[in-house]
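4 protein chains.
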Amino acid sequence: MEYQKLFIKINNGLQEFHDLGQVADYIPELGKVNPNKFGVHLTTVDKQHFGFGDANEKFSIQSISKVLALTLAYTLEDENLFKRVGVEPSGTPFNSLFQLEADNGIPRNPFINAGAIVISDVLVSHLKNPKEDFIQFVQQVAENSEISFCERIVASEKSCGFRNMALANLMKSFGNIKNDIDEVMDFYFNLCSIEMTCQELSKTFLFLANHGVCPFTNTIILTPSKTKRINSIMQSCGFYDEAGEFSFKVGLPGKSGVGGGIVAIHPEKYSIAVWSPKLNKKGNSNKGIEFLERFTSETKISIF
Amino acid sequence: MEYQKLFIKINNGLQEFHDLGQVADYIPELGKVNPNKFGVHLTTVDKQHFGFGDANEKFSIQSISKVLALTLAYTLEDENLFKRVGVEPSGTPFNSLFQLEADNGIPRNPFINAGAIVISDVLVSHLKNPKEDFIQFVQQVAENSEISFCERIVASEKSCGFRNMALANLMKSFGNIKNDIDEVMDFYFNLCSIEMTCQELSKTFLFLANHGVCPFTNTIILTPSKTKRINSIMQSCGFYDEAGEFSFKVGLPGKSGVGGGIVAIHPEKYSIAVWSPKLNKKGNSNKGIEFLERFTSETKISIF
Amino acid sequence: MEYQKLFIKINNGLQEFHDLGQVADYIPELGKVNPNKFGVHLTTVDKQHFGFGDANEKFSIQSISKVLALTLAYTLEDENLFKRVGVEPSGTPFNSLFQLEADNGIPRNPFINAGAIVISDVLVSHLKNPKEDFIQFVQQVAENSEISFCERIVASEKSCGFRNMALANLMKSFGNIKNDIDEVMDFYFNLCSIEMTCQELSKTFLFLANHGVCPFTNTIILTPSKTKRINSIMQSCGFYDEAGEFSFKVGLPGKSGVGGGIVAIHPEKYSIAVWSPKLNKKGNSNKGIEFLERFTSETKISIF
Amino acid sequence: MEYQKLFIKINNGLQEFHDLGQVADYIPELGKVNPNKFGVHLTTVDKQHFGFGDANEKFSIQSISKVLALTLAYTLEDENLFKRVGVEPSGTPFNSLFQLEADNGIPRNPFINAGAIVISDVLVSHLKNPKEDFIQFVQQVAENSEISFCERIVASEKSCGFRNMALANLMKSFGNIKNDIDEVMDFYFNLCSIEMTCQELSKTFLFLANHGVCPFTNTIILTPSKTKRINSIMQSCGFYDEAGEFSFKVGLPGKSGVGGGIVAIHPEKYSIAVWSPKLNKKGNSNKGIEFLERFTSETKISIF
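One line per chain: the protein sequences are A, B, C and D, in this order. Just so we're aligned, residue 1 is where the first sequence starts under this note's numbering, counting upward by one. Just so we're aligned, residue 1 is where the second sequence starts under this note's numbering, counting upward by one. Just so we're aligned, residue 1 is where the third sequence starts under this note's numbering, counting upward by one. Just so we're aligned, residue 1 is where the fourth sequence starts under this note's numbering, counting upward by one.
These are calculated hints, taken from the structure and not from any lab test. Heads up, some of the hints might be wrong.
Where chains are identical, the list cannot tell them apart; a pair therefore holds if satisfied intra-copy or between any two copies.
[Stated by the list, open to error] Within a straight-line C-alpha distance of at most 25 angstroms, the following computed SDA-like cross-link-like pairs (lysine to any residue) qualify:
id: 1; residue 1: K32; residue 2: D186
id: 2; residue 1: K226; residue 2: I301
id: 3; residue 1: K300; residue 2: I8
id: 4; residue 1: K158; residue 2: L127
id: 5; residue 1: K58; residue 2: D180
id: 6; residue 1: K249; residue 2: V154
id: 7; residue 1: K249; residue 2: T92
Only chain A is shown next, with the shape it has when bound in the complex (with noise of 0.2 angstroms):
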């Protein structure tokens, strides 16, 4: 095939790549991980599987799980949403409480930190058992009754999540979180610990380049137009303040996570998932965006 022969090309020349990013480490349970590992899947509308290296293990998604959350929250209320959080990129780094205070609690995006946990609101205040409801809707798009919460990465992030705690009660304090506070951090510690491996990851998010239809299951998960919204709200935010810098080198909207994973979307073509755990500065996977920058310069196409 010739996605799985653009994937060795790439690895090989990637063999010279000096790596010089570090493994998430504030999370002492993301610290444990292997990190040379590097696995690779993409999935075309049409069913196609291309995988390489490390694709079938499972690792913590993290923040991409956000788009996850966004999707349901968006089903749930519509352009109301976007009166508790922008759309905008934030220019400043995913965890700033500065902005947050500057615009009187109301994030710029659902994809900062501060903007999930306000997803996390309005899931706990829609959701009958949120978190086993939030479980089954993302077991549903990804067509696999497998995908849990994971307890060790929970407790690992609540043991320092000081910071996400102190960004909910400036939001608190400004009136845009609803429900108790411990209760909405608890379901967005458990958003945040989803584990996938990188195919699932890839046919989690394939409904994203297929107009909001699962191409497995024809189960319509969100409308056409809200599905390109939130593609929309990936290409600008998807990268916290590296956004701009993965659109200009890939081309193409995309989400990562403090795990090393990375999803983007080729409308009506494919998702790919990229896995490899060292970190940039600015939080996002160094070898995974290095990957996906060949990758779309090989293909020559991208959304531009």
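Please build the complex by placing chains B, C and D on the supplied structure of chain A, with the hints as guidance.
Below, chains B, C and D without anything else, positioned relative to chain A:
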């Protein structure tokens, strides 16, 4: 023609659109324009033209010309250019000194004022007769030798350009302006004074929808890779701190100016220019954005 | 007595003073106070008393008690204390997260909320029964065993203390809170709930005008050097971002609270307490500052 | 004399003080000074003189002269002056654009660069021959017709004064500079170029310790009330973002300059000038502050 009909349909729908925007008045000369002007022009990569309303009336394209300055500077300096200016959205208003100070005089992107001043400095360094050479470049891209600077606008901008002078001095203090400030700012104020009609604007920017080649003359303006990257910067940064919102609503890379103009690019399809002088609070054409949102909703195609 | 006559004279002059201030209402319980209360009490280092108006009515001294917390913490940690909290004015509102983030969790001074939370943490570390031990210390300085925390105020502050919780969590994320956040914040909210009359307040703070010694009991509270330094911190930082203005107008070191109280010190002469619940926009007693400005103008003496 | 002996004693103690400061080098001319110079001079309100070390050598007093500019502007505009400049400490470095932008072009106080530029603008508005008239005023206060601007320093400051030009342009954009920027900045750069010896400096500032009257000539420079207020501003704002620290350690109102000079006032007692060119990280004389801290500790008197 289909686009022509669509323009009429959308325009009819906009009869009931209550435009709360305000004409830019911080530059005295801009305040004199008729606020009810409205023009649209779309040019396809296969050279078809579709105009509507005041599409053949000149207006001050203002910051839109920053894309052309970036285009020329990018061909002259290649990727080195991005050592002196970033590609990240700013997340703050277009003329903020705060961020520039925090970033040690490196502007976030080439479209905020500070970034365009750096680009002006680059062009002043490279060009023998900077203003003459640049306007010739624009005339070539536009395939129109009548395009010119507007002296009245230049004088008007200089009379109140203290904040831009502050930006230039701050960057000079960080060593990121190489030439004499007055020469650089004279170039910058001229750059912002260019006038075009919607038709001219749409035609001029068509190379960005066509892999860097002017379809009318087959002149290569940029490489395909650089073309994609400029489109990406427009997507991320083309609308000041409303870039995410434009991307969310319209889904195309584009660039606005405080004269009320917007140009947007659908790669491999068309370039579209809209003009409506009343601006929203973020400094972008209020009705222009509304029109484009309805246009991409109706055509059901965007890059996402 | 001269001071007594002066109080009457100034009060007469203030009949025409139109007090545009507002009673603090962000803490529900504080909003219930009678806004027209007005009391003054001055105690000299040679033990003379001069009262006026509602000088014997209890009110919530709020942040004024932070000086007492600092006093005790300073005796326990000496100059080491200032590794965890600065002595610089903040230049920003009293509960700003922005500056705290920029300063890596080290509060500018012990009188902004973040600084008083660090002082609370220090006391929680040192004291066996923090709340009991601290109120005993206050009772000793006040020579009054009736001084106590106010449960209603504590409950009221806790019900809306999300921003303070945000400050505490942010500092914990930087490692500048050592104890459990809930224990520290319980202490902090109690600290802010102490009630005194103007007479009690004036008498309690007299040691700061007397080289650290209570004139009534000859108890040494602080060394002369530390006493000067606390006076200096009050001068620089005692009135949030209005410290310069107070120093400019009144010329004495002092401390205010959102309950409308102010205490000011004239070293080697007297301690004066004023109470008027309506606050100006900076959160300091509006009429209280006016009274003190007229008082030091009339007496023609200040520390400058 | 007691002070003379004390200077010697403190100086002996400072033999073992390891001065880690650096001579200011951002103005080329300042970088040429001998870093080991050290002078002290104290003048009492009863006209006694006490000098030590290089007390009779000229140095660039730099920002210290801002107190004299404020003094003259205050007599010309009375309290109206404070509509255009505040009296609050800035909490940020002395040349910050960020705060100035947030405060709409109103500088926090007359001693940060932006504030002194506004004061310069006020003097340019009032004085017929601004530079000549101002230096005459300084000569009168100093009772010394030799005091003058230093052309070399002016030229040196202008060659690298881009940040100050940025401040002036930013304030002009907010309407807080009334005159031509180049004229105002020429005045400002001259203001900062004045040279004095420690003896001259100490004598010149003595009126601030003597209710506004020069003890030597009995000339009234300021009213007693305005004198107190200038002392208060020095206390709050005289040492950039180290004002609280100086007040904490030394306990006297004072003003520093990047030439390594410091002048401090003990109201009704004396004026003391110190000169040591090596600066700490906040831009204040490192050894100078240490000397003054030991001096007020030894004399056991400060305003607190």
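Results of checking the hints against the structure:
In this homomeric assembly, K32 and D186 come within 25 angstroms of each other (Cα to Cα) only inside a single copy, at 23 angstroms, whereas the closest approach across copies is 36 angstroms. Taking the shortest alpha-carbon separations for K226 and I301, both the intra-copy value of 24 angstroms and the inter-copy value of 13 angstroms come in at or below 25 angstroms. Taking the shortest Cα distances, K300 and I8 sit within 25 angstroms of each other inside one copy (17 angstroms), while across copies they are farther apart (37 angstroms). For the homomeric pair K158 and L127, the shortest alpha-carbon distance inside one copy (22 angstroms) is at most 25 angstroms, but the shortest distance between copies (28 angstroms) is not.
In this homomeric assembly, K58 and D180 never come within 25 angstroms of each other (Cα to Cα): the closest approach is 32 angstroms inside a single copy and 35 angstroms across copies. Proximity of K249 to V154 under the C-alpha cut-off of 25 angstroms is found in neither arrangement, the shortest distances being 33 angstroms within a copy and 36 angstroms between copies. Both within a single protomer and between protomers do K249 and T92 lie at most 25 angstroms apart by alpha-carbon distance, with minima of 20 angstroms and 23 angstroms respectively.
Consistency note: the structure conflicts with the earlier hints numbered 5, 6.
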